[in-house]
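Enquirer: With the hints in hand, could you dock these two chains into one complex?
Line by line, the protein sequences are chains A and B.
The first sequence: position 190 = 194 (the numbering used here), numbered continuously.
The second sequence: position 26 = 497 (the numbering used here), numbered continuously.
These are calculated hints, taken from the structure and not from any lab test.
Don't take every hint at face value.
[Claimed, not checked] Mimicking DMTMM-like on lysine to aspartate or glutamate, the simulated pairs with C-alpha atoms at most 25 Å apart in a straight line are:
id: 1; chain 1: B; residue 1: K650; chain 2: B; residue 2: E498
id: 2; chain 1: A; residue 1: K186; chain 2: B; residue 2: D532
id: 3; chain 1: A; residue 1: K112; chain 2: B; residue 2: E556
[Claimed, not checked] Not everything, but these chain A residues come out facing chain B in the computed CB check (under 7 Å):
id: 4; residue: A51
id: 5; residue: N237
id: 6; residue: R244
id: 7; residue: K269
id: 8; residue: E270
[Claimed, not checked] Only part of the chain B face toward chain A is listed, based on derived beta-carbon distances under 10 Å:
id: 9; residue: K536
id: 10; residue: P548
id: 11; residue: H552
id: 12; residue: E556
id: 13; residue: S563
id: 14; residue: V564
Fair warning: this is a prediction, and the values are worked out from it, not measured in the lab.
Idealized CB from N, CA, C, for every residue including glycine.
So the chains spell out like this:
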Amino acid sequence: MASVGASREPAGTSKHPPAHGDLEDIELSLLLEGVFRQYGFDFREYAPASLRRRVWRRVFAEGLQTISALQDKLLHDPACMERLLLDLSINVTAMFRDPAFYLAFREKVVPILRTYPFTRIWVAGCSTGEEVYSLAILLEEEQVYDRARIYATDINESVLDRARSGVFPLDKMREYTQNYIKGGGTRAFSEYYLAKYDGAQFQRSLIENVVFAQHNLVSDHSFNEFNVIICRNVMIYFDRTLQERVHRLFFDSLVTFGVLGLGHKESIRFSPHEAGYEELDPSEKLYRKVG
Amino acid sequence: MYDLVCIGASWGGLKAIGQVLADLPAELDLPIAIAQHRHPDSPEGTLAQLLQAQTNRPVLDVEDKMAIEPRHVYIAPPNYHLLVERGSFALSVDERIQFARPSIDVLFETAAHAYGSGVIGIILTGANDDGAHGLARIKRVGGVAVIQDPLGAARRTMPDAAIAATVADAILPLDAIGKFIYGLWVQPATVREVTKA
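Isolated chain B (complex conformation) (with noise of 0.2 Å):
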């Protein structure tokens, strides 16, 4: 059973999550958070009524202490570090890691301590080594850790970076995620049981 599947992004990286969440059956009703990287100046918002265009979930951006319900996407707001807790979101305003804030890592961190193997991650398109660490952690608590293919991202170093961090569950063509997030939610021992392999 998971709890939470979490998806970080940089360049390139609205198409790829706005394709992810199109693909995502209705009935799958894990909550989702997104750490894309954005220009601090970037209005609120915007994101999020970008990627709603793209799926019927409710999208929303952040707010401090929100609790985390099924089906929904939350997008952690530009300029704030997203924090997951057990059932809730919080926001901090440190430093950025690496220029990022959000940073992917701190989410994929945060998100591995709070719910161990009931996170699947996934690391799309992007041109900075963000989130490999976060998803090494993943990984390292038991969850799942989803990279999307270097050769048909807009930006690979972000999916090279995570490669070369962690063993990947699965390394999918963008279009193929969505379905592989079904699969494991449909069948989650199954599928572990194959990869594991």
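Isolated chain A, as found in the complex (with noise of 0.2 Å):
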């Protein structure tokens, strides 16, 4: 294996690991150890390749070398930690993002919905919101959000702070607009919020019917019976293992006929409960439990 000073990457643009495959892991496995045993948050079944990205990406932005330097950090500066944390929580998301499984929601989600006199709807990993706002305002134009209730969890007391907020970039806007218009929206997308600086604030009346609330996959059990469990691209971090154990979480949390949103490229076959699932729409994956 070369070394690390047979570098030819170009000075100035070292925002690279160094390439030494085993020691690294070695690292990343200590520090996760440790993380775990000082603050209580297990990463240690995340999935390697993304989480060895994002914590590279922290022991760059502290200034540091080797991802033994940022343990030692984190373990002496709870501050660290929570930079680190925030890091490894965010999810990188959109209102209305993959406007086709907003479409497919409210066409063959919501005229379930309408069957039941009242519905509990938990967004899995929720990070800044967008997803949990977006809903919102799905459900408030089909006219089932008065029944409605979003329990909004993520992992990260201050992204749920951001989320409550519902302050998004007016830069994003444009995007987002078009997204809602692909998505089915009935609206005019302006609507929804007034642009404030260089923010754009969502109506508050859209998280009337929202409860924020801190929640972990990998340690938490069930705290509800949901109708709709929606965890778009947040298992992707996962490794297999920890993905079962959420999917058994996420099955044993649905009513019979409940309804489970993944992500475009999440797939139900790494669930042990497969077998108890009906498509309700393979390509936007929307699935009905049914065992």
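Expert: Structure (structure tokens):
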């Protein structure tokens, strides 16, 4: 294996970690073990490739050179841990991301929701809340929001604060408006927010029926019974074992005929309960619990 | 022995990738992973269908945790990064890197970590410098770096950037790349010795 010194990467672009695979794997697993034992956050079953990239990003952002150095800093400095937690728990998302999913939700899930007097929806791993507001808008337009409650959970409390604030970057509104229209939106998207400074403040009424709460998919149990669970592009950051466990949690938390919505490229095949679901919309990864 | 071929392309990539795939003899059984820049809204599957017309190998849009199997061609889905673990793929929706998701650098760097010297990285046509870092990484862990000759590329920025970032094992016109990969697969040691000299 080539040594670090043999690198020919141009100077000034060293945001890329040196290659020294095995040692790096040791350092990473020691760091994760330390984080778990000191702070209780368990990232040991996260998918290693993207976890490694995010940890390296934090190493460089802290002005450090190695994962071991980050471990040292983390263990003695809770503020540094908080920053890593943010790196590891923010999932980049957008309002009405994958508009076809929202279109399918309107056409195939809403009719099911209309048959219930009251609906509980869990958005698991809601991050900064883009999906939650999108869903609230959709339910409002379909006139089922009044009898719905959305439980929006994330591992990270400061991410939840941002979600609660309902302020999103103004320069994203063009993209979100296009998504909204493609996702079957029936009004002018700008009705839902007020532009102020560089932020778009979304209507508070959209989160009237939303409960934001901290919940850790890795370690926490189910906390209710749901008609719908949406968890899109969250489990891609987990390894197979953890994915299986979270799938079990979702299955146990869904009512019979409850709906599970996953990301475009996520598969129910890794659920131990695959046979307990039928496809509601296979390309939009909407499944219905039948078992 | 090689484990994985990674191809990165951007502007003009569809045609270029199609030709490389078409030129690979049927008996070559390496898995091939492709990051081709696409519009985030491009319909899923289209690229796979177009490439499928050029090859008898199974061409698939990657789903999360899909196993890496011999002879298969794997495409990074639009709006996701494609990452390599040992034996399987992973996906992420992390920030775009230099405006790109999928990012070629992410594919190449994670492949280098997972398979070290077992990776063959190929940079084709493109109008940005994505992939240059990744190819340098592949090279640094003992893998093979192949770059399309900028002279014949639809856009030469990407091959030029890759050439500047690392010492390529081969800089070849498009129609010679398939043959070169086949040569490596048939006779890894010999070719490596020649190019190392």
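Enquirer: With reference to the structure, classify each hint as holding or not holding.
Expert: Status of the hints after comparison with the structure:
Taken as a hint, the K650 of chain B and E498 of chain B pair is honoured in the structure, with Cα atoms around 13 Å apart against an allowance of 25 Å. The hinted pair formed by K186 of chain A and D532 of chain B meets the criterion: a straight-line CA distance of about 23 Å does not exceed 25 Å. As the CA atoms of K112 of chain A and E556 of chain B are separated by approximately 35 Å, the hinted pair breaks the 25 Å bound. At about 5 Å, the closest approach between the beta carbon of A51 of chain A and any beta carbon in chain B falls short of 7 Å, and the interface hint on this residue holds.
Hint status for N237 of chain A: holds, given a least beta-carbon distance of 5 Å to chain B, under 7 Å. With its C-beta approaching chain B no nearer than about 6 Å, R244 of chain A sits inside the 7 Å limit, and its interface hint holds. With a least beta-carbon distance of about 5 Å to chain B, the hint placing K269 of chain A at the interface is held under the 7 Å criterion. Hint status for E270 of chain A relative to chain B: holds, with the closest Cβ pair at about 5 Å, below 7 Å.
Proximity of K536 of chain B to chain A holds as hinted, the smallest CB-CB distance being about 6 Å (cut-off 10 Å). Among the interface hints, the one on P548 of chain B holds; its C-beta lies about 5 Å from the nearest C-beta in chain A, closer than the 10 Å criterion. The interface hint given for H552 of chain B holds, since its Cβ lies 8 Å from the closest Cβ of chain A, which is under the 10 Å cut-off. Taking 10 Å as the C-beta contact cut-off toward chain A, the hint placing E556 of chain B at the interface holds, the least distance being around 5 Å.
Hint status for S563 of chain B relative to chain A: holds, with the closest Cβ pair at about 4 Å, below 10 Å. With a cut of 10 Å, the hint placing V564 of chain B at the interface with chain A holds, because the nearest CB-to-CB distance is about 5 Å.
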